[in-house]
Amino acid sequence: MKPNPSLPSADFYDHQPIRDQFPTLKQTIGDHPLCYLDTAATSQKPQAVIDAMTEYYQLNNANVHRAAHQLSTRATQQYEAVRQQVAHFIHAKHQQEIIFTHGTTESINMVAYGLTAQVQPNDLILIDTAAHHANIVPWQELAKRTGAIIKPIPLTADAQLDINAYEQLLQAKPTLVALCHVSNALGTVNPIIDLIAMAKNAGALTLVDGAQAVAHLEIDVQQMDCDFYVFSGHKMYGPTGVGILYGRFEQLNTLTPMLTGGEMIKTVSFDRTEYGELPNRLEAGTPAIAEVIGLGAAITFLQGLPREQIKAHEQLLMRYLQQQLLNLGDITLYGVSNDNSQSNIGSVAFNVANEHHQDVGILLDQQAVAIRCGHHCAMPLMSQLKLSGCCRASIGIYTNKHDIDQFIHALNTVKELLL
Amino acid sequence: MTQISTKNMPDSQLFTLLPAELIAAVNQIEQANNWQDKYRQIMLLGKQLPKLPDHLKQEDAQVKGCESQAWLYHHQQNGQHFYLADSDARIVKGLIAILLVANQGKTTEQITQFDVHHCFDTLGLSGQLSPSRTNGLAALASAIKHYARGNIT
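These protein sequence lines are chains A and H, in that order.
The first sequence lines up with residues 1 to 419 when you count with this note's numbering.
The second sequence lines up with residues 1 to 153 when you count with this note's numbering.
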């Protein structure tokens with residue numbers, strides 16, 4: 001990608017009314033307005049999400065699925081309505097395919113644990129090199145338990161998944177392929193439908209980490225045809241502490257529960273316990289009820305927005321961010337495709353000359369600019385890029401051109417201090 | 001942190017008192033006019049700190065600080081404690097210089113009594129010690145004390 005001082009001429013979508021719904025963004029830190037470019041770590045929350053959680057605690061607080069009284073009926077109805085909502089949101093066939101978890105990490109752990117009995121010694125598990133640690137470590141543990149073998153799917157020189165190498169690896173008939181939809185460190189997007197179709201032809205199960213995709217892209221798990229799709233509420237304007245495990249019913253139904261206890265059983269005696277049906281079978285214990293309700297409010301919020309206009313706005317912002325970084329000079333971008341054919345989603349990874357990413361982060365923080373600096377929980381990817389770490393600026397639905405301008409101005413000050 | 005095997009230990013001649021200019025420069029930080037000046041001065045402190053030779057930048061001397069690497073060596077002589085430290089990040093290296101200026105050549109008692117939070121507060125840098133930071137500075141500060149007490153295991 002080359003610097004292009006003329007970009008962008010297109011108008012940004014006027015989304016001030018959307019931004020106004022995020023109370024955290026109205027603050028100043030020191031002398032500067034907060035410039036929040038760390039949405040890929042966690043997004044800010046709109047007022048509607050905060051209100052929904054408060055309302056639950058103020059009016060409807062009760063345990064779910066024990067509806068002997070009216071509060072519990074209300075809480076259960078709200079909780080189950082979100083399951084339905086999530087099913088529609090990602091186009092799942094049945095609402096029983098939606099399991100509430102604590103987040104992406106727990107969702108992947110549940111699949112990796114749940115498949116233990118189905119994996120044999122020397123079975124092959126393929127993992128995307130761009131994967132977050134949450135999509136690596138649970139599989140390593142599964143491999144330790146079963147004797148399965150893990151192989152990374154290599155990346156090309158411009159940090160895209162290497163389709164030819166992937167095709168080769170699939171010839172060995174892997175049991176499972178673990179992919180990310182959008183890379184958390186680089187914002188690169190996998191051609192997910194093709195990758196899943198290829199895995200399926202080779203007879204592999206597929207799990208897709210959608211944590212970085214779900215706030216930016218329309219998700220259709222039936223069209224994708226994956227076996228498992230996982231994501232977190234807190235990266236899509238919902239609360240922390242809640243996430244989703246989607247599983248194709250026939251596959252989900254074979255998972256051994258990682259957690260056992262209340263809520264997930266049909267009958268219990270000291271001789272024998274019988275587990276309940278999906279989805280309860282995989283939701284032991286009292287769930288994060290307020291957080292699930294908050295997630296429902298986040299989905300309602302997202303569905304009430306003009307998604308196409310927002311998508312165009314985010315793409316324009318990403319372009320602008322990349323171009324302004326390049327125009328600044330002494331900046332290396334990572335994961336930007338050489339021919340510009342693929343646009344990145346949400347995140348831009350970069351370094352300033354040979355400077356340490358931590359120095360850049362500390363000096364930006366002095367100017368109220370919040371970005372992430374480090375290995376982004378993707379050490380294998382960093383080592384492939386031969387980096388000890390990098391800086392990552394990431395945008396959300398509330399980010400505007402002013403944020404990018406403030407960031408670039410602050411980064412210019414950082415350059416003056418360091419170079 | 002693990003015990004550093006003696007074959008990896010730096011030559012004892014490397015453990016010296018710090019240059020007088022460095023000590024004076026630390027006291028200047030309080031007078032910085034703005035954050036740019038303050039951080040510029042901190043990075044200059046790092047430059048003035050004696051460099052750790054590359055062959056001593058070893059894993060067993062690392063203080064785990066997550067996002068930047070930092071190395072720390074200790075040597076005791078005649079009841080005084082001496083440290084050698086370095087980091088691959090410039091600001092952290094400057095902050096290390098502040099810690100070393102306060103502790104180099106001091107007795108166990110002096111080092112035990114050194115109040116790192118007060119020291120950084122005075123310089124307007126208390127935020128850099130917070131456990132939420134990934135610069136490892138709090139870990140370095142406590143490693144310096146542990147070494148002085150002789151209870152690094």
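Don't take each hint at face value.
What the hints assert, rightly or not - Stretch by stretch, here's where chain H covers chain A in the computed footprint (C-beta under 8 angstroms, at least three residues):
1. 278-288
2. 349-358
Unchecked claim - Distance ranges between label pairs, derived from CB positions:
3. A:Lys266 <-> H:Lys57: 58 to 64 angstroms
4. H:Asp54 <-> A:Asn338: 49 to 55 angstroms
5. A:Asn354 <-> H:Pro53: 55 to 61 angstroms
6. A:Thr240 <-> H:Thr112: 54 to 60 angstroms
7. A:Leu419 <-> H:Gly127: 23 to 29 angstroms
8. A:Tyr57 <-> H:Leu17: 41 to 47 angstroms
9. H:Leu14 <-> A:Asp31: 39 to 45 angstroms
10. A:Val268 <-> H:Thr108: 37 to 43 angstroms
11. A:Thr42 <-> H:Glu21: 41 to 47 angstroms
Claimed, not checked - From the structure, some residues in chain A lie toward chain H, with a derived Cβ separation under 8 angstroms:
12. Leu385
13. Gly389
14. Leu417
15. Leu419
It is worth saying that the hints were derived from the structure and are not from the lab.
The beta carbon of each residue, even a glycine, is placed where N, CA and C say it ideally should be.
>> Going through the numbered hints above, which ones does this structure break? Give me the numbers in ascending order.
In response: 1, 4, 5, 6, 8, 10, 12, 15
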